[in-house]
Amino acid sequence: MKKIRLLFLITLLYSSFCGAEAQSTIYEKYAQEAGDALMIYRGRKAMHYSFQFNGTFYWERSEFMKGDVVYNGKKYKDLLLNIDANLQLLMVKHPANALTVVLNPTCLTSFNIGEKQFINRDEGIFEVIRDGKVALLRQITRKFSQNIHLKNGEEIGYYDPDFKENVFHYFKYESTLYCLKDDVLTPIKSGRDILNYFPYHKRQLRVLIRRANISPKRNLEEYCLRVIGYVESTLE
Numbered sequence: 424m425k426k427i428r429l430l431f432l433i434t435l436l437y438s439s440f441c442g443a444e445a446q447s448t449i450y451e452k453y454a455q456e457a458g459d460a461l462m463i464y465r466g467r468k469a470m471h472y473s474f475q476f477n478g479t480f481y482w483e484r485s486e487f488m489k490g491d492v493v494y495n496g497k498k499y500k501d502l503l504l505n506i507d508a509n510l511q512l513l514m515v516k517h518p519a520n521a522l523t524v525v526l527n528p529t530c531l532t533s534f535n536i537g538e539k540q541f542i543n544r545d546e547g548i549f550e551v552i553r554d555g556k557v558a559l560l561r562q563i564t565r566k567f568s569q570n571i572h573l574k575n576g577e578e579i580g581y582y583d584p585d586f587k588e589n590v591f592h593y594f595k596y597e598s599t600l601y602c603l604k605d606d607v608l609t610p611i612k613s614g615r616d617i618l619n620y621f622p623y624h625k626r627q628l629r630v631l632i633r634r635a636n637i638s639p640k641r642n643l644e645e646y647c648l649r650v651i652g653y654v655e656s657t658l659e
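Okay, so the sequence shown: first residue is 424 according to this note's numbering, each after it adds one.
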């Protein structure tokens, strides 16, 4: 009986050792694949929306694209990135498996996805449309909502090609422009808002707008870019 117990103990210890060795090998492989971005992939697992819904929670599209991240003061390059516009969190996908994590927003400074530049603030994530003394930013939100009379298109803020009429949960799209100066964020929702942002130059700006023949109702972003560019280059 003692020999049987001893044999069982030896087998158990050997199995534990082999298991630990296998786990160590898996971790080493994971760390090797993660490279310098190992700290990035130790983040919290991204939200999995397991219920049915219409629309999308992504900033734009569901595909992850390569980009760079400034996190904890260090720059990490060539990561697979996307944005959860509902939670306003940056998601990072591991290059060798399906693991997707979200970065701690208090440690995230800025990042780019492709050619688009973004900054992270307490108010969420913002795309940098124009940098400078007065920066023009855009924030896209897709807030989780519910409506039993839901209709595709304008009601949710965009057209969903996979819209399901019997599903009442959806992510409502909203895009808002902001001016950022001296760390103060100001929403710009109309042509009047951007003109009021420069109260001492209203007369000159109205002349510019008439000559340029641009309408804030047709393209508010272009309108704001013209106004800010003119103020910074000509009037200040």
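Hints in this document: simulated from the structure, not taken from any laboratory. Wrong hints could be hidden among the right ones.
Okay, the calculated beta carbon distance ranges per label pair [stated by the list, open to error]:
| # | residue 1 | residue 2 | range |
| --- | --- | --- | --- |
| 1 | L608 | V493 | 32 to 42 Å |
| 2 | V493 | S638 | 33 to 43 Å |
| 3 | E577 | A519 | 18 to 28 Å |
| 4 | H471 | R634 | 20 to 30 Å |
As a list, the in silico DSS-like pairs of lysine-lysine whose alpha-carbon atoms are at most 27 Å apart [unchecked claim]:
| # | residue 1 | residue 2 |
| --- | --- | --- |
| 5 | K574 | K587 |
| 6 | K516 | K574 |
| 7 | K468 | K489 |
| 8 | K516 | K468 |
Idealized CB from N, CA, C, for every residue including glycine.
Tested hints:
Judged by the Cβ atoms, the range 32 to 42 Å given for L608 and V493 is violated: they are separated by roughly 20 Å. In this structure, V493 and S638 meet the distance hint of 33 to 43 Å, their C-beta atoms being roughly 37 Å apart. The beta-carbon spacing between E577 and A519, approximately 41 Å, falls outside the hinted interval of 18 to 28 Å. For the pair H471 and R634, the beta carbons lie near 53 Å from each other, so the given range of 20 to 30 Å is not met.
Between the alpha carbons of K574 and K587 the distance comes to roughly 9 Å, so the proposed pair stays at or under 27 Å and holds. In summary, the hint linking K516 to K574 is not supported, as the alpha carbons are separated by about 33 Å, beyond the 27 Å threshold. Between K468 and K489, the direct Cα distance comes to roughly 19 Å. Compliance with the 27 Å bound is thereby established for this hinted pair. With a CA separation close to 10 Å, the supplied pair K516 and K468 stays within the 27 Å bound.
Hint violations for this structure: numbers 1, 3, 4 and 6, all remaining hints satisfied.
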